[in-house]
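Following the hints, position chain B against chain A.
Number of protein chains: 2
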Amino acid sequence: MGGDTSPNLLLHAIVTFAESDVCAANFVLLGTAPLQKELGNLKSKFRKIRENISFVLSGDPIRMDENPLFAIRKKKNSSLCIGMRLLKEGKIDAFVSCGNTGALMSSAKLYLSMKKGILRPALLALLPTKKTPLAVLDIGANISIKPEYLVQCATLGADFQKSRGIKKPNVGLLNIGTEALKGTSLMQKAYQEIEKRSGKEFHFIGNIEAKEVFEGKIDVLVTDGFTGNVFLKTAEGIANLVLDRLKETLAEKEFEEQMGDLQKHLHYAKYPGAHLIGVNGTVIKCHGYSTPEAFLSAIKGAIKTAHSNKTK
Amino acid sequence: MGGDTSPNLLLHAIVTFAESDVCAANFVLLGTAPLQKELGNLKSKFRKIRENISFVLSGDPIRMDENPLFAIRKKKNSSLCIGMRLLKEGKIDAFVSCGNTGALMSSAKLYLSMKKGILRPALLALLPTKKTPLAVLDIGANISIKPEYLVQCATLGADFQKSRGIKKPNVGLLNIGTEALKGTSLMQKAYQEIEKRSGKEFHFIGNIEAKEVFEGKIDVLVTDGFTGNVFLKTAEGIANLVLDRLKETLAEKEFEEQMGDLQKHLHYAKYPGAHLIGVNGTVIKCHGYSTPEAFLSAIKGAIKTAHSNKTK
Numbered sequence: 001m002g003g004d005t006s007p008n009l010l011l012h013a014i015v016t017f018a019e020s021d022v023c024a025a026n027f028v029l030l031g032t033a034p035l036q037k038e039l040g041n042l043k044s045k046f047r048k049i050r051e052n053i054s055f056v057l058s059g060d061p062i063r064m065d066e067n068p069l070f071a072i073r074k075k076k077n078s079s080l081c082i083g084m085r086l087l088k089e090g091k092i093d094a095f096v097s098c099g100n101t102g103a104l105m106s107s108a109k110l111y112l113s114m115k116k117g118i119l120r121p122a123l124l125a126l127l128p129t130k131k132t133p134l135a136v137l138d139i140g141a142n143i144s145i146k147p148e149y150l151v152q153c154a155t156l157g158a159d160f161q162k163s164r165g166i167k168k169p170n171v172g173l174l175n176i177g178t179e180a181l182k183g184t185s186l187m188q189k190a191y192q193e194i195e196k197r198s199g200k201e202f203h204f205i206g207n208i209e210a211k212e213v214f215e216g217k218i219d220v221l222v223t224d225g226f227t228g229n230v231f232l233k234t235a236e237g238i239a240n241l242v243l244d245r246l247k248e249t250l251a252e253k254e255f256e257e258q259m260g261d262l263q264k265h266l267h268y269a270k271y272p273g274a275h276l277i278g279v280n281g282t283v284i285k286c287h288g289y290s291t292p293e294a295f296l297s298a299i300k301g302a303i304k305t306a307h308s309n310k311t312k
Numbered sequence: 001m002g003g004d005t006s007p008n009l010l011l012h013a014i015v016t017f018a019e020s021d022v023c024a025a026n027f028v029l030l031g032t033a034p035l036q037k038e039l040g041n042l043k044s045k046f047r048k049i050r051e052n053i054s055f056v057l058s059g060d061p062i063r064m065d066e067n068p069l070f071a072i073r074k075k076k077n078s079s080l081c082i083g084m085r086l087l088k089e090g091k092i093d094a095f096v097s098c099g100n101t102g103a104l105m106s107s108a109k110l111y112l113s114m115k116k117g118i119l120r121p122a123l124l125a126l127l128p129t130k131k132t133p134l135a136v137l138d139i140g141a142n143i144s145i146k147p148e149y150l151v152q153c154a155t156l157g158a159d160f161q162k163s164r165g166i167k168k169p170n171v172g173l174l175n176i177g178t179e180a181l182k183g184t185s186l187m188q189k190a191y192q193e194i195e196k197r198s199g200k201e202f203h204f205i206g207n208i209e210a211k212e213v214f215e216g217k218i219d220v221l222v223t224d225g226f227t228g229n230v231f232l233k234t235a236e237g238i239a240n241l242v243l244d245r246l247k248e249t250l251a252e253k254e255f256e257e258q259m260g261d262l263q264k265h266l267h268y269a270k271y272p273g274a275h276l277i278g279v280n281g282t283v284i285k286c287h288g289y290s291t292p293e294a295f296l297s298a299i300k301g302a303i304k305t306a307h308s309n310k311t312k
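Residue numbers (the numbering used here), protein chains in the order written: chain A, 1 to 312; chain B, 1 to 312.
Among these hints, one or two may not hold up.
[As the list claims (entries may be wrong)] With a Cα cut of at most 30 Å, we get these calculated DSSO-like pairs of lysine-lysine:
| # | chain 1 | residue 1 | chain 2 | residue 2 |
| --- | --- | --- | --- | --- |
| 1 | B | Lys182 | A | Lys74 |
| 2 | B | Lys182 | B | Lys45 |
| 3 | A | Lys189 | B | Lys189 |
| 4 | A | Lys182 | B | Lys115 |
| 5 | B | Lys189 | A | Lys109 |
| 6 | A | Lys182 | B | Lys304 |
Just so you know, these hints were derived from the structure itself, not from any lab.
A quick note: this is a predicted structure, and the numbers were derived from the prediction, not measured.
Isolated chain A (complex conformation) (with noise of 0.2 Å):
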């Protein structure tokens, strides 16, 4: 609920998923009244989701345009924060979500307990480069940018660096130039902290400019949340644009061989959602405007990380 694609849509798409053979999770869905409804219509129709599937009635969602913090006081009942209740109390083991990206950053502050040191979530996207897969933090959590929010952004991007294989991981602040000066004043605050603290944990190589990132030299990228959301979607943006520019010419079997992983993390549509770090729990945020595939790619994602926290 509460994104800006239809419940039903995507219900219709956890269906298929959760009916077919290479599934191997169960789902809690959250929902109003009209969508428990539809989804006791599919129960009749497709045997093995009476298993795999159950249902929790839930209130007025939070819309996209409300004030996070109000919204979660207010809109206990809602999806979101019934969800983030649901995950604390170990009753799931992961939670995605499409909606308000505030109201999911706030109330997992509320209900989950931090890591320990760490002051508020971050969201982290996957990004694909000419090497290896880049973490890049914050992408829309925290608008104001202060220096100890991005030092932590250091330290969470390469735990989580760490916990997929990466011994020490290299750590680089987004600027708009290398030199140890430049950018505004906060940003060469927050260099200097985030210098002191590497060598044990991270590698910290400095500033790193935006052209440079998808080279593959570094596995964690430092930004605030105003400047990492706009990286992000210009990223999406410019892919979009040359790959469509593709797709019109190349023959369809040609463009997925060689373009297929490209497009699967930088094409909006396909990508596999964010993770909110810095909590105890695993939350994956999708775009409000993600299509049933892009959602049915983060609930695959929040999968693999369930199980492999599980094995741990």
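Leaving out everything else, chain B in the frame of chain A:
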């Protein structure tokens, strides 16, 4: 002088172009003694450049890591400061530089007169979209964000597009969502101020997200120098990632046919440079890391602008 690319390489590129039949310009090159010597050698070999290339000996160049304000006061005989004075005196019609961006902006402010009502120059780049080219500004002249700079960017960008034949340009403010209250308080203030001016000179469509920018619905994208610089370099980086991948698989001719124009605008090696606007005079800024090819591309752009100014 003062860029990251060898001045000798840039000199050879200019000489090749100046010798060609398509060249309809005279050049005044600014540089130190070794460059003057090299030009002398080339003049003994080539005929046309004896007529259309002259040389002005300049002093110690301004380096990339120098403080712009100190540098332009201390190094009045640098190629950058001499060039700006020649432009002011009408001895050249356009000035092209790949030196220190801050110094270029500060010297333009010092030597040239500002356009009426404009407080600071801005850097404008033209980028391809799915429809007509988009003017993006500021892409790095002003790092400190003030709402009034963003308002001036709207006016300057609209004027630029009007000079290119667009009667009433559509202006958008780069933000992380489309609602008026999205982004930082500074962005919200800028939104209100630009909206007040919408109607006569341009049409303000409101906030726009980076992924929508390339759809071609707007003619001018307003942003601060930090975000604009990240935006531009992200576009370059992603385009580079996708285009390099394509080059591996497509035949050269096929690649040129399908991607030639996109590559010309997005691939940093072929990037045609940015316009320093808000001042009286044509100033084109190339990246410090410009290849001879990119530098020539900027020179051709400067010639075109100068010709169009003369015929007005």
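Quick rundown of the hints versus the structure:
no.: 1; hint: B:Lys182 with A:Lys74; result: holds (21 Å)
no.: 2; hint: B:Lys182 with B:Lys45; result: violated (61 Å)
no.: 3; hint: A:Lys189 with B:Lys189; result: holds (26 Å)
no.: 4; hint: A:Lys182 with B:Lys115; result: holds (28 Å)
no.: 5; hint: B:Lys189 with A:Lys109; result: holds (29 Å)
no.: 6; hint: A:Lys182 with B:Lys304; result: violated (33 Å)
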